Amino acid sequence: MTTSSQTGFNIGIFLYDGVEELDFCGPFEVLKAAAYTRSTREQSPAWQVFTVAEEPGLLKTSGELLVQPHYTFHDHPRIDLLLIPGGRTDLQLEKPVVIEWVRRVTPRTQLNTSVCTGAFLLGAAGLLDGHAV
Numbered sequence: 050m051t052t053s054s055q056t057g058f059n060i061g062i063f064l065y066d067g068v069e070e071l072d073f074c075g076p077f078e079v080l081k082a083a084a085y086t087r088s089t090r091e092q093s094p095a096w097q098v099f100t101v102a103e104e105p106g107l108l109k110t111s112g113e114l115l116v117q118p119h120y121t122f123h124d125h126p127r128i129d130l131l132l133i134p135g136g137r138t139d140l141q142l143e144k145p146v147v148i149e150w151v152r153r154v155t156p157r158t159q160l161n162t163s164v165c166t167g168a169f170l171l172g173a174a175g176l177l178d179g180h181a182v
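Residue numbers 50 to 182, in the numbering used here, belong to the letters of the sequence shown in order.
Calculated from the structure, these hints are not laboratory results. Note that the coordinates shown come from a computational prediction; the quantities given were computed from them, not determined experimentally. Possibly wrong hints are sitting among the right ones.
No more than 35 Å apart at the CA atoms, straight line, and that leaves these computed lysine-lysine pairs for DSBU-like [to be verified]:
#1 144 to 81
#2 109 to 81
#3 144 to 109
Label pairs and their calculated CB-CB ranges [what the hints assert, rightly or not]:
#4 115 to 160: 25 to 31 Å
#5 144 to 74: 20 to 26 Å
#6 123 to 160: 21 to 27 Å
#7 114 to 139: 16 to 22 Å
#8 179 to 104: 28 to 34 Å
#9 85 to 159: 30 to 36 Å
#10 85 to 180: 22 to 28 Å
Glycine included, each C-beta is placed from N, C-alpha and C at the ideal position.
Please build the complete structure, drawing on both the sequences and the hints.
Structure representation (structure tokens):
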């Protein structure tokens, strides 16, 4: 389990069954590498990166890779930047608990972003209303 700072900048990446590997692994790797590079110069990382899922346990990605999220909807640290990757978002759109979690978390975030079909979840939560997509 990775621990994240309650005082630093926290980047939460939402994971779910059917998530596209590249859509979360790419951003995760780049953000962690950049934080590590900065921390070697300044002795403290500027941000923490972690994954969040609805429930604990292994998830199966679109390519059948098994992934263990760091946190759940119920125990994650504060999220300053929420990233929603693409994949089988159609299945997540059918889950009111997922849409409600996005709605509950995003008023306290500084930034919200998505990769590919992850935008559908932001849209379902009303975060894209009034914006050209």
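Violated hints - listed by number, lowest first:
9, 10
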